[in-house]
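Required output: the full structure, derived from the provided sequences and hints.
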Amino acid sequence: MSADAPGVAPDEVAPRFDEVIHAPVRLRVCGLLAAADQVEFSVVRDALGVSDATLSKHLKVLADAGFVEVRKAASTSRTDARRLTFLRLTAEGRRAFSAHVAELRAIAAGLGG
Amino acid sequence: METHSVTPDPQRANELLADLEGDRAALAQHSATPTWYLAAVTALIAAYVAVPLLGEDRTPAVTMIGGALIVLAVLLQQRRLVRPRGAGIAGAGLLVALLAAVLLLLSVSFGLVAGGLHAWVALPVLAAGAVAYAVLRRSDTLARRALDRVR
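Protein chains in written order, with this note's numbering: chain C, 1 to 113; chain E, 1001 to 1151.
Some hints here could point you the wrong way.
What the hints assert, rightly or not - Among the chain E residues that face chain C by a calculated CB cut under 8 Å, a handful are: (1) L1017; (2) H1030; (3) D1057; (4) L1147.
FYI, nobody ran anything at the bench for these hints, they're computed from the structure. Quick reminder that beta carbons are idealized off the backbone N, C-alpha and C, glycines included.
Right, here's the structure in full:
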């Protein structure tokens, strides 16, 4: 597992199961956000095949846990006043996600659980 | 707060990991640098290398090219729905290489103009365009590979 937190070498992530991240939708949200710096709400929604309300609910849980930041930005491609919503994993979120994936890998390899 | 505390079995863990891998493919189509940006930046860099042809009065042109590059960068950032993470050392190296190549070709243009070989400036201009395009495409490829490597 490649650790994204600064100062942590890729091979030194301690596996740790995270109950907040483990929910299937939230795990996949974190997986998408871990791959980039920021991802727009609609991209995450469409990739996961969930509704706006469902995704918003899970993002609130992640934000309350300090794992995700939500930022509104003006859009140059929209003709209305609505803004784009960009999502980003916090440093804590990246560490928690890395640790959780490490735990899943250990379980998958029959070493953890 | 909804939580999932049941530790998965190995098969379920594998399924979850496979889902993560598959989701990243959805990001790839959004993370590529748009063709309009590549074309515009390539043209501006080539134009910059042609600036010696303007003689002493080249400051407005250089200023406009610089301003246009900044505007393009801002537009790209605003329109991108997937903003990639930093390019890292490889990306920085590519940027330095591009800068060095452009400055070298610019100096070649100056030399050609000083030698009265104005028509030959087309060569460093075309070379600058080609180098800029190649570097931007390579940078794009590196960013998408980095996206695939995330675990």
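Hints, verified against the model:
1. L1017: At about 6 Å, which falls below the 8 Å cut-off, the nearest Cβ of chain C leaves the hint on E/L1017 intact, so it holds.
2. H1030: 6 Å, holds
3. D1057: 34 Å, violated
4. L1147: OK, holds: E/L1147 within 8 Å of chain C, min 5 Å.
In this structure, only the earlier hint numbered 3 is contradicted, and the remaining ones agree with it.
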